[in-house]
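K.L.:
Chains A and B supply the protein sequences, listed in that same order. For our numbering, add 874 to where a residue sits in the first sequence, where the first one is 1. For our numbering, add 685 to where a residue sits in the second sequence, where the first one is 1.
Where hints are given, some of them may not hold.
To be verified - Residues from chain B that keep clear of chain A, each with C-beta distances beyond 10 angstroms, as calculated:
1. 702
2. 762
3. 833
4. 910
5. 914
6. 1026
Said to hold, decoys possible - Estimated spans, in silico, between C-beta atoms of each pair:
7. A/888 to B/778: 26 to 34 angstroms
8. A/878 to B/778: 45 to 53 angstroms
9. A/1134 to B/802: 45 to 53 angstroms
10. B/788 to A/988: 37 to 45 angstroms
11. B/802 to A/1068: 40 to 48 angstroms
12. B/820 to A/905: 44 to 52 angstroms
13. A/989 to B/716: 34 to 42 angstroms
14. B/871 to A/1031: 50 to 58 angstroms
15. B/853 to A/885: 21 to 29 angstroms
16. A/929 to B/794: 52 to 60 angstroms
17. A/1046 to B/981: 54 to 62 angstroms
18. B/816 to A/906: 22 to 30 angstroms
To be verified - If you want the footprint, here are the derived chain B segments under chain A, 3+ residues with CB under 8 angstroms:
19. 754-760
20. 764-778
Keep in mind the hints are simulated off the structure, nothing from the lab. Think of the CB as a built atom: it goes at the ideal place given N, C-alpha and C, for glycine as much as any other residue.
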Amino acid sequence: MSREYFEQTIIRILRVVGLIFFITIVAFPFYWMIVSSFKSLEEILLRPANLGLDIRKIDFHAYYSVLFEHGFLQYISNSVYVSILTVVLSVTLATVGGYAVTRLRFRGREIMSYSILLIYMFPAIVLVIPLYVMFSRMGLRDSINLLILVYLAQTLPVALYMLKSYFQTLPPEMEHAGLIDGCSRLGVIWRIVIPLSAPALASVALYTFMIAWNEFLFAFMFLDTPEKFTLSRGVVQLAQSVHLSKQLVMAASVTVTIPILVLFLFFERRLVKGLTAGAMKG
Amino acid sequence: MNMASLTLKAISKRFGKIVALYGVDLHVEDGQFCVLLGPSGCGKSTLLNIIAGLILQDEGSVLLDGQSVDRLAPRDRDVAMVFQSYALYPHMKVAQNLGFGLRMRGVPKQTIRERVLEAARLLGIEDLLDRKPGELSGGQRQRVAMGRAMVRRPRVFLLDEPLSNLDARLRAGVRLELKQLHRQIKSTIIYVTHDQVEAMTLGDQVVVMRHGKIHQIGRPETIYERPADIFVATFIGSPEMNLYRGRLLRKDDRLHFQGPGFSLDLRGLQINLEESEVEVGIRPEDIGIGQGGTTILQAKVEMISNVGSEKYIHAHLGQGTLTVRAPKEAAFQPGQIIPLTIDPHRVHIFHEGRRI
């Protein structure tokens, strides 16, 4: 057996083992969650170690119960509201801000562009208590719009950073051409920069959406009224409730996960290819 | 076509500590093809960007038809620019690229369509209108970039090294087309290049720049025949002009130049200069090989470069070197001593760097 063949074989085996290992780690809990959500309480209690799912016994009752009896319809709508508004605001502000930092010359530009990421030096848990106190005293706590503000503060730095890096790769001559052809600065951003940045904007939107959709800590601290809960907050509320039934929590978790999954599949195609091919001499 | 004269008055620009332009003055007549020529970093592109309004000058003024445009945004100056990199909009089809400027100006759709077609026909790119820039070759992109400027019918065209990304063969062809195009549309063109062949063949007026200053403005012939200073003399012309530092001497009312190891008879030249240090320049094609002319020098052949259509003979003249342009039939051997004749009237004399 040649050395090369031996090495190839080892690499191949390791690759398969590695893939199986990571897929198991990631996919098994997911699978367990979905399967459990379709079972009845009785089924779970009788055979807790059963990994399979009997197709004939699929039970949608957990979903019905979660959505209509435990107020998850409201939580979904809250989460959608918070996430979409965060995405829109964050992408808009990051586009304008990222563009300014990349292309315009103004005093303090360098400092501003670097200090943007400073907020990441503070873990959320350090910020949450002072913010809690501050917002309580200002009487702003327990508001969904406040949550959007917090999420903006949390997502904007990375959004700005991502867009800035992308804008830097766009050839400035194209924008000059736009300026001479009759666009204002905003016109150039709208008609040239944004269409060409679609992949970057999609990534930023997805990233922001995921943060806003999944965020728990601030939602947990700042929201008191159940009608204002976001999904993640709702799931924890459900999990902590007295009559704990596993299939309900699982169904709630699925409800949280599915939108993100769909979004990912939808945006993935846009993220793949860059759009600037052919602008330049090539 | 509407067009305009362009006047630059004492344009200065610095980037931090680097001075890009020192008070540049220039006037370009209506319908003229003006070429800004200079080595890279001479400020010619900066000047073009200032005319376009993409860069603001620190001092001085840009006038179109005598009207200052200093306070106007690029889009309000009614100029069009062709970029070295073409800078086409990759997300738009060729037709949209061409019509973009008009669309931004609120021109009716029908008119846009007509003008786009007209320009496309002129440039021979009608069958590309539905493609995107990514599907075009370099030459085609270059045409689209030209077309995008033409469709606008601007007062002034600004071209920033538009041919430098084409390969050599294509470049010669497009250069001719550009010349013809200018004859057809007769618009004012400011053309930036570092390629002297482009400058000489295209320009009605050539502006030679270096280090942010204009060295000479003139017709291509003038620039070539009567370079204003040593920089222009050596920058224009290939192979480069032979240049010798030496002393101008007057003996028995007869002028001659004492160079390094040789002496050049300049009888018949009228020069208002006493004996002094000068530099003498002779173009390689102004040197005759063989007996017969007025001035005879001896040079020792060192090397011969054959470029096909002709030969360049590199030789030793005194302590200096010399390049002579010879017909392709010329048969010389390294080491051979050849007699040279030089017409004193074709000799360029520079005193303190300036032509006299």
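K.L.:
All hints are to be evaluated individually against the structure, with a verdict given for each.
P.N.:
So, going through the hints one by one against the coordinates:
Here residue 702 of chain B stays apart from chain A, with its beta-carbon at least about 16 angstroms from theirs, past the 10 angstroms limit. A beta-carbon of chain A comes within 10 angstroms of the beta-carbon of residue 762 of chain B; the shortest separation is about 8 angstroms. The Cβ of residue 833 of chain B does not lie farther than 10 angstroms from every Cβ of chain A; its closest approach is about 8 angstroms, which violates its non-interface assignment. Its beta-carbon lying about 36 angstroms from the closest one in chain A, residue 910 of chain B satisfies the requirement of being farther than 10 angstroms from that chain.
Separation of residue 914 of chain B from chain A is adequate, the least Cβ-Cβ distance of about 33 angstroms exceeding the 10 angstroms criterion. Annotated as non-interface, residue 1026 of chain B keeps its C-beta farther than 10 angstroms from every C-beta of chain A; the closest such distance is 48 angstroms. The hinted range of 26 to 34 angstroms is not satisfied by residue 888 of chain A and residue 778 of chain B, whose Cβ atoms lie roughly 49 angstroms apart. At roughly 51 angstroms, the beta-carbon separation of residue 878 of chain A and residue 778 of chain B lies within the given 45 to 53 angstroms, and the hint holds.
At roughly 49 angstroms, the beta-carbon separation of residue 1134 of chain A and residue 802 of chain B lies within the given 45 to 53 angstroms, and the hint holds. For the hinted restraint 37 to 45 angstroms between residue 788 of chain B and residue 988 of chain A, the CB-CB distance of approximately 39 angstroms keeps it satisfied. Between residue 802 of chain B and residue 1068 of chain A the CB atoms are about 29 angstroms apart, so this pair departs from the stated range of 40 to 48 angstroms. Evaluation of the 44 to 52 angstroms hint for residue 820 of chain B and residue 905 of chain A yields a pass: the beta carbon distance comes to about 45 angstroms.
Distance hint for residue 989 of chain A and residue 716 of chain B: a CB-CB separation of about 53 angstroms, inconsistent with the stated range 34 to 42 angstroms. Range check, residue 871 of chain B to residue 1031 of chain A: Cβ separation about 55 angstroms, and the 50 to 58 angstroms hint holds. A hinted range of 21 to 29 angstroms is violated for the C-beta pair residue 853 of chain B and residue 885 of chain A, which are about 48 angstroms apart. Look at residue 929 of chain A against residue 794 of chain B: about 59 angstroms separates their beta carbons, and that is inside 52 to 60 angstroms.
Separated by about 59 angstroms at the C-beta atoms, residue 1046 of chain A and residue 981 of chain B satisfy the suggested range of 54 to 62 angstroms. Taking the beta carbon of each, residue 816 of chain B and residue 906 of chain A are about 52 angstroms apart, not inside 22 to 30 angstroms as hinted. As drawn, the stretch 754-760 of chain B meets chain A at 3 residues by the rule of a beta-carbon pair under 8 angstroms; at three or more, the given contact holds. Coverage of the stretch 764-778 of chain B by chain A holds [criterion: at least 3 residues with CB-CB distance below 8 angstroms; count 12].
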